[in-house]
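Asks: If you want the building blocks of each chain, they are given just below.
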Amino acid sequence: MFDIIKTLAQTFGPSGNEKKVADTISGMLRGKVDEIRTDAMGNLICVKKGSGKKIMLAAHMDEIGIIVSYIDEKGFLRFGNIGGLPPLIILGQRVVFENGTVGVIWYEENIDNMKNVTLGKMFIDIGAGSREEAERLVKVGDMAVFVGDTVEQNGKIISKSIDDRIGCAILVETALRQPETDNEVYYVFTTQEEVGLRGAKTAAFGILPDLALAIDVCDTGDIPNCNPMAVKLGGGPAIKIKDRSVIAHPLVKDLLVKAAKNKKIPYQLEIMKDGGTDAGSIHTTAGGIPSGGISIPCRFIHDAAEMVDLNDVNNAVKLLTEFVKSC
Amino acid sequence: MNECGELLKKLGSLSAVTGRENRASEKIAELFRPYCDEVKIDHFFNVIGIKKGQSENPGSVLVTAHYDEIGLIVTEIEDSGFLRFSAAGGVDPKAIGAMEVIVHGKKDLFGVIGTKPPHLIPPEDVGKAVKMDDMRIDIGYDGKKAKELVSIGDMVSFVSPPQELLNNRIAGKSMDNRSGVAALVEILKELNKLRHDDDVYVVATVQEELGLIGAFSVTYNIKADLGIVIDVCHGDMPDAPSDETFPLGKGVAVAVGPVLDRRHTKAIIKLAKEEKIPYQIDPETGDTGTEAAVHEVAREGIPVILLSIPSKYMHTAVEMVCVDDVIATGRLAARYIAGRVKE
Amino acid sequence: MGALDNLKKLSALDGVSGDEKPVRDFILSHVKDYVDEYWIDKTGNLITYKKGTGNGPKVMLDAHMDEVGLMVTQITSDGLLKFQVVGGIEDRVLVGKRVRIGEKGVPGVIGFKPIHLQDKNERTGAVNKKKLTIDIGAKDKEQAEAKVEVGDIVAFAYDPVDFGDNKLMAKALDDRVGCAALIEILKERYEFDIYGCFTVQEEIGLKGAKTASFQVMPDIAIILEGTTCYDLPDTEEQGMSTRCGKGPALTIMDRSVIVDRDLLNHIVDVAKRNKIPYQFKQTISGGTNAGRIQVNGTGVKVAAIAVPCRYIHTPVSVMDKSDFENMIRLAKETLKALPAAGNLWGTGKTDINLYREQGGVEYV
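As they're listed, the protein sequences go chains A, B and C. With the numbering used here, letter number 154 in the first sequence gets 154, and the count goes up by one each step, no holes. With the numbering used here, letter number 187 in the second sequence gets 187, and the count goes up by one each step, no holes. With the numbering used here, letter number 153 in the third sequence gets 153, and the count goes up by one each step, no holes.
Source of the hints: derived by calculation from the structure; they are not laboratory data. From the three backbone atoms N, C-alpha and C, an ideal C-beta is built for every residue, glycine too. Among the clues, some could well be false.
[Unchecked claim] One-sided and incomplete, this derived list gives chain C residues near chain A with beta-carbon spacing under 10 Å:
(1) 239
(2) 250
(3) 298
[What the hints assert, rightly or not] Cut-off 20 Å, straight-line C-alpha distance, at most; resulting in silico cross-link-like pairs (DMTMM-like, lysine to aspartate or glutamate):
(4) B:147 to B:108
(5) B:106 to A:254
(6) A:6 to A:34
(7) C:130 to B:243
(8) B:266 to C:103
(9) B:266 to C:149
(10) B:270 to C:145
(11) A:121 to C:236
(12) C:131 to B:244
(13) C:130 to B:239
(14) A:121 to C:231
(15) A:139 to C:269
(16) B:147 to A:254
(17) C:141 to B:133
(18) C:130 to B:244
(19) A:264 to B:148
(20) A:232 to B:133
(21) B:273 to C:145
(22) C:246 to A:72
(23) C:272 to A:135
(24) C:32 to C:5
(25) B:131 to A:274
(26) A:273 to B:78
(27) C:42 to B:225
(28) A:121 to C:237
(29) A:19 to C:262
(30) C:131 to B:243
The whole structure should be built from the sequences, with the hints applied where relevant.
Replies: Put into structure tokens, the structure is as follows:
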């Protein structure tokens, strides 16, 4: 499991640029599912055929990052955000482009108050001495992502892009275990979630499943003086009740709770005040698709080092497997 | 109170917090049944009343009004037995201090939202708006019992029984948009007295307060030639802008603006004049924030009319409407459907 | 040039979101002889169809007909008109402008309190549009009501002016540039089926593009737009968005969309091969119909080609005529070379018709 997570987390794939992740995943699942296809938005759709219910399981392949908007004559890069980037947290971070070029994010130092340091006042230094030199490595429109190792320590995983390669890894692992069921299961690896839940929309329209789950991360409320939230790292996978994009369909939520109780899998209930998931956009696709989610409790979401508990991850695979069989 | 007023009081006593309307859907269906050929509850708990048209080649009209209400959702049960919560729909934290509530746990539990006594508020916090994270619901049980009875995700509704007031007014929770649902029933009653060619789908929708969710599903599944949305608009208040608020008791507010179909809107205004049904004009420059925005762009587009019932104190527990406006809304919509000109 | 002439005429017409008829009528009369089919849909979009000479993807071209404007919301007791904006207009842009109201085009002006009479806060503070009114010269409410109704649409009354070095000033360049370009593009026939969509209500939330793309179900869509530009000397280069006269601007990403890489690369290739100047839009703000169209159905490969417009969303927008001409050239060449760009469709493409048949639970 850790190897799958590490491989996926270290694969380059900001929103709109997920092809490498898709290739990696289809390599992992080739021969293990009945059909693998992509759509115009780059979603990777892996189907295990069956005669029962159509179940869509979605995890997004894209990660947050930056996009180069301008290269100045001294070779510094200006940039915009891809997905939600907290400005002060990205200062001093390393980013890496698809071709391996590494840059450092810094800011215009003559600003009095750090609160005024917006992305517009930041730049990336790739060590180029001039625009020409920079353009040999990077072009306007190129994207970069955080640099950050994937390590396992004390039963936890620390890595960049846990959001949502952890979801992808859980889907891959579940698909590899090939749960016995008559249901037709769609393992869907979606694109452009971080910029507005876009890929899931077209994937869901193509599948029109009977019900859908988003497998993603959620915040926790167990670090010093944080916003209150009942979810804890290591407390089991979280069954989604509500986030900003959706209130889980009662049927889907109940099925998940039942599956967890049947197999005595520890679980928590998630209400996340900020942030949405693919469930939100699948929910309103076509004539409405009952949707819910399983979330992996995750600390420091959208930072270069995100943290999850490996037990939660393994239990999520169990829960998902049972869900697919029992609904 | 007249029949419509009594109906509205009944509707105002139901609890259907947004996202968990299933507990009220059957009750709404009961209200539709006497007047419909068929009533269905769909997979999202939208309640769909179908009344067949008399034409051999009927068109279809879709009328929606949402029946969900704003409320709270339990986010944590503390060891002390107090409940933390967050909003379901647009709840103003300033408007819920010292409210009576029902927590819909294993059974319905009475509770109150406590407030800190003024004597104990530190001077630096005086005059500051209170945050929802700092409030608790008190259900009077200790942690053990509370955890037995209540689960994270349980919904909480406000206790505010419909109160009759002067001039045919009713105040209470969920007049947004039970008054619209009452208008749906008025439409059905009227249609039973009239000849109408088109099939009429009268739908009480869900999850409007979460982002017009129920409307997405019905406007896609029911292919309509005309959509009519019934919701509330702001009633007039002394310190609110006069061009964005509408007096109670002066009739239905007919919206005009880019999202609304101009031809149908003009025709329905003409009809209101002819039938002497009181109406007001509600200028809507944007996407209206109502289900009309969903109708307009559903599939290849549904030409849509928006009728609003003026309601004061929106999203509080004492939303106030005038029953006369509800009746005017129902009558106007029904007569328009019955006399609808074919394209 | 015919296209420029059309652009001027189009910009002088009023088509505030929801009331695009005058613009649509003009366009229809200019394209109907060049297309195989057309229809006006329920939302008011004009959708034209031009059959291709061969096989290939289904291509949608989008230009929105609507412009930002105002709506009358109340007539005051002294005969002045309160209003709200339709679409995004900055408050100070409204001050001292000429407008036309309603179908009859009743003339009016937006007045402003003289600087001599403003108190200190008013002098230094920003304009508040809630305090502005339109004056049609009426002596009282009754006289105003005889001319104007609540709900009437208000458009800026500004005629186009050629000026400076190859510049054009006009209202509503966003997106009459796209409309005029699309008229021109439809005059030629291409290898594959083209749906030229003149859409409504972009400015109030990309409305028309949603219903148009649902009807067309395209594989590829190209959006023709007017886009932000602020290339004034006091702006740092990275904040300019685009530069006037440096060629049509290609969007890579904005708040509504990340464009399709393959399609974008194809357009860049075409520009280079044909020596057509182009630039990339350098900010990621704003949104276009591309965002709506991309997520239609099972997904659409989208790109946007735009004319940089200074002072966009004001009645005095300014563009360089060469950018407009180059936009038309670039779009045409892109379409002509499209059949060769095989990586834009082919493997992995899902069967759109199948999904149409599976259109969900239906009660009717």
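Asks: Hint by hint, note whether the structure agrees.
Replies: Verification of the supplied hints:
1. Evaluation of the residue 239 of chain C hint against chain A yields a held restraint, the C-beta minimum of about 7 Å falling below 10 Å.
2. Given the 10 Å rule on beta carbons, the hint for residue 250 of chain C holds: about 9 Å separates it from the nearest Cβ of chain A.
3. Here the hint on residue 298 of chain C is kept, as its CB sits about 4 Å from the closest CB of chain A, short of 10 Å.
4. Straight-line distance between C-alpha atoms of residue 147 of chain B and residue 108 of chain B comes to about 14 Å, which keeps the hinted pair within the 20 Å bound.
5. Of the pairs offered as hints, the one joining residue 106 of chain B and residue 254 of chain A holds, with about 14 Å between alpha carbons and a cut-off of 20 Å not exceeded.
6. Straight-line distance between C-alpha atoms of residue 6 of chain A and residue 34 of chain A comes to about 26 Å, which puts the hinted pair past the 20 Å bound.
7. At most 20 Å may separate the alpha-carbon atoms for a hinted pair to count; residue 130 of chain C and residue 243 of chain B meet this at roughly 10 Å.
8. With a CA separation close to 14 Å, the supplied pair residue 266 of chain B and residue 103 of chain C stays within the 20 Å bound.
9. With a C-alpha separation of about 12 Å, the suggested pairing of residue 266 of chain B with residue 149 of chain C holds against the 20 Å cut-off.
10. A distance of roughly 17 Å separates the Cα atoms of residue 270 of chain B and residue 145 of chain C; the hinted pair therefore holds under the 20 Å criterion.
11. About 11 Å separates the Cα atoms of residue 121 of chain A and residue 236 of chain C, which keeps this hinted pair within 20 Å; it holds.
12. Taking the CA atoms of residue 131 of chain C and residue 244 of chain B, the gap is about 14 Å. The hint holds against a cut of 20 Å.
13. Our distance criterion of 20 Å between C-alpha atoms is met by residue 130 of chain C and residue 239 of chain B, whose separation comes to about 14 Å.
14. With a C-alpha separation of about 19 Å, the suggested pairing of residue 121 of chain A with residue 231 of chain C holds against the 20 Å cut-off.
15. Distance restraint check for residue 139 of chain A and residue 269 of chain C: the Cα-Cα separation of roughly 15 Å lies within the 20 Å cut-off, and the hinted pair is therefore satisfied.
16. A threshold of 20 Å between alpha carbons decides the hint, and for residue 147 of chain B with residue 254 of chain A the separation of about 18 Å falls inside it, so the pair holds.
17. Between residue 141 of chain C and residue 133 of chain B, the direct Cα distance comes to roughly 50 Å. Violation of the 20 Å bound is thereby established for this hinted pair.
18. A distance of roughly 11 Å separates the Cα atoms of residue 130 of chain C and residue 244 of chain B; the hinted pair therefore holds under the 20 Å criterion.
19. With a C-alpha separation of about 19 Å, the suggested pair residue 264 of chain A and residue 148 of chain B falls inside the 20 Å cut-off, and the hint holds.
20. A threshold of 20 Å between alpha carbons decides the hint, and for residue 232 of chain A with residue 133 of chain B the separation of about 18 Å falls inside it, so the pair holds.
21. As the CA atoms of residue 273 of chain B and residue 145 of chain C are separated by approximately 17 Å, the hinted pair is consistent with the 20 Å bound.
22. In summary, the hint linking residue 246 of chain C to residue 72 of chain A is supported, as the alpha carbons are separated by about 17 Å, within the 20 Å threshold.
23. Only pairs whose Cα atoms come within 20 Å are accepted, and residue 272 of chain C paired with residue 135 of chain A is accepted, the gap being roughly 17 Å.
24. About 18 Å separates the Cα atoms of residue 32 of chain C and residue 5 of chain C, which keeps this hinted pair within 20 Å; it holds.
25. At roughly 15 Å between alpha-carbon atoms, residue 131 of chain B and residue 274 of chain A fall within 20 Å of each other, so this suggested pair holds.
26. Using a Cα cut-off of 20 Å, the hinted pair residue 273 of chain A and residue 78 of chain B holds, with the two alpha carbons roughly 18 Å apart.
27. With a C-alpha separation of about 9 Å, the suggested pair residue 42 of chain C and residue 225 of chain B falls inside the 20 Å cut-off, and the hint holds.
28. Distance check on the hinted pair: residue 121 of chain A and residue 237 of chain C sit about 13 Å apart at the alpha-carbon level, within 20 Å; holds.
29. Distance check on the hinted pair: residue 19 of chain A and residue 262 of chain C sit about 12 Å apart at the alpha-carbon level, within 20 Å; holds.
30. Straight-line distance between C-alpha atoms of residue 131 of chain C and residue 243 of chain B comes to about 12 Å, which keeps the hinted pair within the 20 Å bound.
Going down the numbered hints, you'll see the structure goes against 6 and 17, while the others check out.
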